[in-house]
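Trainee: Quick note, the sequences are listed as chains A and B, same order. Under our numbering, read the first sequence as residues 1 to 407, first letter to last. Under our numbering, read the second sequence as residues 1 to 407, first letter to last.
In case anyone wonders, no lab produced these hints; they're calculated from the structure. There's no promise every hint is true.
Since the list gives no way to pick one copy over another, a pair counts as held whenever it fits inside one copy or between any two copies.
In silico DSS-like cross-links for lysine-lysine, where the CA-CA straight-line distance does not exceed 27 Å [to be verified]:
| hint | residue 1 | residue 2 |
| --- | --- | --- |
| 1 | 220 | 50 |
| 2 | 341 | 38 |
| 3 | 255 | 353 |
| 4 | 64 | 220 |
| 5 | 60 | 105 |
| 6 | 353 | 67 |
| 7 | 28 | 123 |
Protein chains: 2
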Amino acid sequence: MKVIHGGITAATGFKASGLYCGIKVSKKKDLSLIYSEKICDAAGSFTTNKVQASCVVVNKEHLKDHKAQAIIANSGNANCMTGESGFENTRTMASVTARLLKIRKKDVLVASTGVIGKPLPIKKIIEAAPQLVGDLSKKGGEHAAAGILTTDRLNKEMAVEFLVGAKSVRVGAIAKGAGMIHPQMTVHGPKHATMLCFATTDALIAPTALRAALDRSIGKSFNAITIDGDMSTNDMVLVLANGMAGNKKIIEGTKEFRLFVRALETIFLHLAKEMVRDAEGATKFVEVAVKNASSAEDAINTARSVASSNLFKCALFGSDPNWGRIAAAAGYSGAHLDPWKLCIYLGKELVLKNGGRVKQKAAVLNRVFAQKNIKITVDLGLGKYSASAYTCDFSTGYVRINSAYRT
Amino acid sequence: MKVIHGGITAATGFKASGLYCGIKVSKKKDLSLIYSEKICDAAGSFTTNKVQASCVVVNKEHLKDHKAQAIIANSGNANCMTGESGFENTRTMASVTARLLKIRKKDVLVASTGVIGKPLPIKKIIEAAPQLVGDLSKKGGEHAAAGILTTDRLNKEMAVEFLVGAKSVRVGAIAKGAGMIHPQMTVHGPKHATMLCFATTDALIAPTALRAALDRSIGKSFNAITIDGDMSTNDMVLVLANGMAGNKKIIEGTKEFRLFVRALETIFLHLAKEMVRDAEGATKFVEVAVKNASSAEDAINTARSVASSNLFKCALFGSDPNWGRIAAAAGYSGAHLDPWKLCIYLGKELVLKNGGRVKQKAAVLNRVFAQKNIKITVDLGLGKYSASAYTCDFSTGYVRINSAYRT
């Protein structure tokens, strides 16, 4: 498997575009389109929030036949809690796109991200749609990547290529993150973020295998990150597979399937980490690695609990190696924990074992917490399960950004 | 029932003291003692964190006979995750106090609050103990209230008086809060904060009734507040009842019992709210009132979810009436929720119904969010259950305090 250029349009048959249609006050790009020449097998994974944006609800309807050919996405407005007219606007986004592309409305998926509760300026989208479609090109991936950003500073995209038999297949994706990030999604039901990720592939893959691959690849990537603990109403990951690589169809339980899952996992983990690195106000990237938990669930719950602790994240911002906050957050995760067996490492430095601190030079620990990339290891000493969660520090910048988000 | 002066020493037979023994860098008071002339029936409620400070573990042992006569508490050091020697130090605090007071070691309860993982400077406590005991007086309540504070700005104390038959009984308490506040305690097992609260009463009350009263009165008070979502390793509420009011013994299921519960509830709710008002970096006090939930559990879970949302609390800090964040946090609480039935009020202003916003003048909403005391009402429209949670805004000041807590 090798990393290639091209992002969302790296796979054969996919085009994209992105432009500014008038939603964002910043006048940055706010409308994106992804399109496949051929109809695709499609799979989606959505937020488990009980308040769901109309695009989440409508996409679930449109995906009942597991087919799609285009994704239209706007940023700057979440079109959530916008009543009946919000649903009409989502359907209009799909129907206008379908008419211009000469495809079926239900083969268009829709995504929105931004402020909740504000009517979507649908006219601006309708007026911009012809140009959006006209701009579709192999080189439009980066514009599409820009059009879905909100408080993100950087585009997030990646693509890989690998062999299935003698045929090269490609998988590419774009994503956005930055705030209201605590994703918990499944393909079957949802779990927390607004994070969006759209992936495309020219692999020929059985529809059930595509859904299984998506399901497997979000757990250790998007569902393992948290920025602020707030689960969004709009989170979604969409994958379109158009089969144009001409490979022998990938089915579950094969070496090729595992390779495809690894490709999705690699891309999703990279994009998930990029979201954390580009998080609102973040100055540090942190991996919380949990080892030797009693169960897989305990491992991820402990990792997420520590990664979600406001106090730990404030300590990170201040470069204060206050590991007591890590112990406290591990203790309230709900996972099995024996304080006498618990070990905590800051970087490679062991700071807690046998229920008490291991004396280390303050300067050494301070140096670990002053780094931009920090790994915390929490060894529960109880079982054989591991998991990692990824997060950032909690900064005065985050508070400033989110105390005036709408202004 | 009337509010009286005197705090922790308002009840007959209780004395208290507080002094600086050398733990705090700030040189503020850091050691407190509460003592009853007569041995007391006693009850305690502790953190449900699986990492528990040695004082929590030792107090559970000392409370097995439901008796106690004194409480010694230090601030500035949590004596948690301090290994075997941490346990020895807790036991030494109890034994030194017992020897000086000429009471049994197991009738002394111990509390610590402050930094986790740092050895307790026990010698300073031992050296200060004789003066601490010598200073015990009816007027020492305010010194004891000061001795348990960490980042709190103000003493927290309250006392009430009411009649049981013809006899006046008194209940008084002191508390501390400020950070790592998300209490979830029970008398039976524990639930989240470091919050400490010590209460004294001269009421004569059956030991089972005392424990039942404590259990009932923490749910809607301490367990209903959150400052930062981090459950402490040291949270505890202790109640001592010495029976010196000479009233007819209070037993469960009587009018007098309900009156006693109401007294505890009144004091605990007042002190819990005071903790939130005095929270680290807080500029606003917020009540999140949930109405018409499907169950009592759904009501409190929804209220706590909204009250814990970092995004909502940043919006409060910025006086930005971004109610979409309230809807999102209600949606991920796990409680039953129908977005089409959900109504949200900012103060008295209805902003959401029928799945979409109710247009209000921006100036009106901005005014609500600019207040120092804000009430948010989340009407789930599903059942008949209500609950309130209390919180504060999330400020740049909070982040600053907690990014350099140990320095």
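Trainee: Against each hint, give a clear statement of whether it holds in the structure.
Mentor: Taking the hints in turn, this is what the structure says about them:
no., hint, result
1, 220 with 50, "both (23 Å within a copy, 26 Å between copies)"
2, 341 with 38, "neither (56 Å within a copy, 41 Å between copies)"
3, 255 with 353, "neither (42 Å within a copy, 51 Å between copies)"
4, 64 with 220, "within (26 Å within a copy, 45 Å between copies)"
5, 60 with 105, "within (13 Å within a copy, 65 Å between copies)"
6, 353 with 67, "neither (53 Å within a copy, 34 Å between copies)"
7, 28 with 123, "within (18 Å within a copy, 63 Å between copies)"
Violation of the numbered hints given earlier is confined to hints 2, 3, 6; the remaining hints are satisfied by the structure.
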